[in-house]
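Visitor: Each chain is listed here by its residues.
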Amino acid sequence: MTLQITQTVDARGLSCPMPIVKAAQAIKTMASGALLEVLATDPGSVKDFAAWSKITGNGLVEQTADAGVYRFVLRRK
Amino acid sequence: MNDSLNLVLFSGTDDKLQAAAVLTAGAAALGKPVNLFLQYWALDAFRADRIDCDHGLAAEAGTEGRAAVDALRAAGQASWAETLRQAKELGGVNIRACSLSMDLLHLEPADLSPLVDDVEGVTAFYLNADDGQIVFI
Chain A
1 MTLQITQTVD ARGLSCPMPI VKAAQAIKTM ASGALLEVLA TDPGSVKDFA AWSKITGNGL
61 VEQTADAGVY RFVLRRK
Chain B
1 MNDSLNLVLF SGTDDKLQAA AVLTAGAAAL GKPVNLFLQY WALDAFRADR IDCDHGLAAE
61 AGTEGRAAVD ALRAAGQASW AETLRQAKEL GGVNIRACSL SMDLLHLEPA DLSPLVDDVE
121 GVTAFYLNAD DGQIVFI
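Each protein sequence line maps, in turn, to chains A and B. Sequential numbering from 1 applies to the first sequence in the working numbering. Sequential numbering from 1 applies to the second sequence in the working numbering.
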């Protein structure tokens, strides 16, 4: 199944907490149910996006890691 | 208990301001209201003509700490001022100068960076903090 991504945030090379900040800025502009893709290289982002999803209620739909790049797909609540 | 984060910034060195900016941005990304209250040397660092200068590091950093901080910056880490700008874009972040510290440093509101929203006294800070947590840095 291919997910329909609405917007992508490239946070590669950014250190904590910028990947989360950029994602939060982007998702605010999106409609409920829309999907945001985030690319990050900060290893802390794995636990951060899980925590952010839990606290804000925005869903963490997919999470993968490939060659040091973490990819998250988040669904706007 | 409300969910606001209330940071009193006292120290004006770049490492402590960076740590405060990270806490602020993280809380803002979670939708928590954040109030920053700038006192003494932290307020001095928010002067419009000095905010982008080097403000040094806390004494415990030493030369190794200096090198580590420089390496992070060289790798593209956002400055504390830029981190706060991004946090303010998310909304819910208020930065206010302590009026006593304004007198101490002979500052007028026009001397401060546009990041600073207002000047207030300590009672107004407590009113805004309500019963949220307060952290002193």
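If you're looking for bench data, these hints aren't it; they were derived computationally from the structure. It cannot be assumed that every hint is accurate.
What the hints assert, rightly or not - Just the calculated beta-carbon pair ranges, DEER-fashion:
no. : chain 1 : residue 1 : chain 2 : residue 2 : range
1   : A       : 59        : B       : 89        : 22 to 28 Å
2   : A       : 13        : B       : 52        : 17 to 23 Å
3   : B       : 103       : A       : 61        : 29 to 35 Å
4   : B       : 99        : A       : 5         : 45 to 51 Å
5   : A       : 66        : B       : 105       : 30 to 36 Å
Said to hold, decoys possible - Calculated pairs, PhoX-like style, for lysine-lysine (alpha carbon to alpha carbon, straight line, at most 20 Å):
no. : chain 1 : residue 1 : chain 2 : residue 2
6   : B       : 88        : A       : 22
7   : A       : 77        : B       : 16
8   : A       : 54        : B       : 32
9   : A       : 47        : B       : 88
10  : A       : 77        : A       : 22
11  : A       : 77        : A       : 28
12  : B       : 32        : A       : 47
13  : B       : 16        : A       : 54
14  : B       : 16        : A       : 28
15  : A       : 22        : A       : 54
16  : A       : 28        : A       : 54
To be verified - Computed footprint of chain B on chain A; a stretch qualifies when at least three of its residues, placed anywhere within it, have a C-beta under 8 Å from a C-beta of chain B:
no. : segment
17  : 23–31
18  : 37–47
19  : 63–76
Glycine included, each C-beta is placed from N, C-alpha and C at the ideal position.
Visitor: Are the hints correct? Go through all of them and say.
Guide: These are the hints, each one checked on the structure:
1. A:59 / B:89: 22 to 28 Å: holds (23 Å)
2. A:13 / B:52: 17 to 23 Å: holds (21 Å)
3. B:103 / A:61: 29 to 35 Å: Violated, since residue 103 of chain B and residue 61 of chain A (Cβ atoms, about 53 Å apart) do not stay within the stated range.
4. B:99 / A:5: 45 to 51 Å: With Cβ atoms ~49 Å apart, the hint holds.
5. A:66 / B:105: 30 to 36 Å: Taking Cβ atoms as reference, residue 66 of chain A and residue 105 of chain B lie about 51 Å apart, which means the hint is violated.
6. B:88 / A:22: holds (12 Å)
7. A:77 / B:16: Distance of about 34 Å is beyond 20 Å: violated.
8. A:54 / B:32: Holds, because 14 Å separates the two Cα atoms, which is no more than 20 Å.
9. A:47 / B:88: Violated: residue 47 of chain A and residue 88 of chain B sit about 24 Å apart, past 20 Å.
10. A:77 / A:22: Since the Cα atoms of residue 77 of chain A and residue 22 of chain A sit roughly 17 Å apart, the hinted pair holds (cutoff 20 Å).
11. A:77 / A:28: holds (10 Å)
12. B:32 / A:47: holds (19 Å)
13. B:16 / A:54: violated (28 Å)
14. B:16 / A:28: It is violated: about 29 Å lies between the C-alpha atoms, which goes past 20 Å.
15. A:22 / A:54: Roughly 17 Å separates the two Cα atoms, so the pair holds.
16. A:28 / A:54: holds (16 Å)
17. 23–31: holds (count 4)
18. 37–47: Answer violated; 0 residues pass the 8 Å Cβ test.
19. 63–76: Our answer is that it is violated, as 0 residues pass the Cβ test (under 8 Å) against chain B, missing three.
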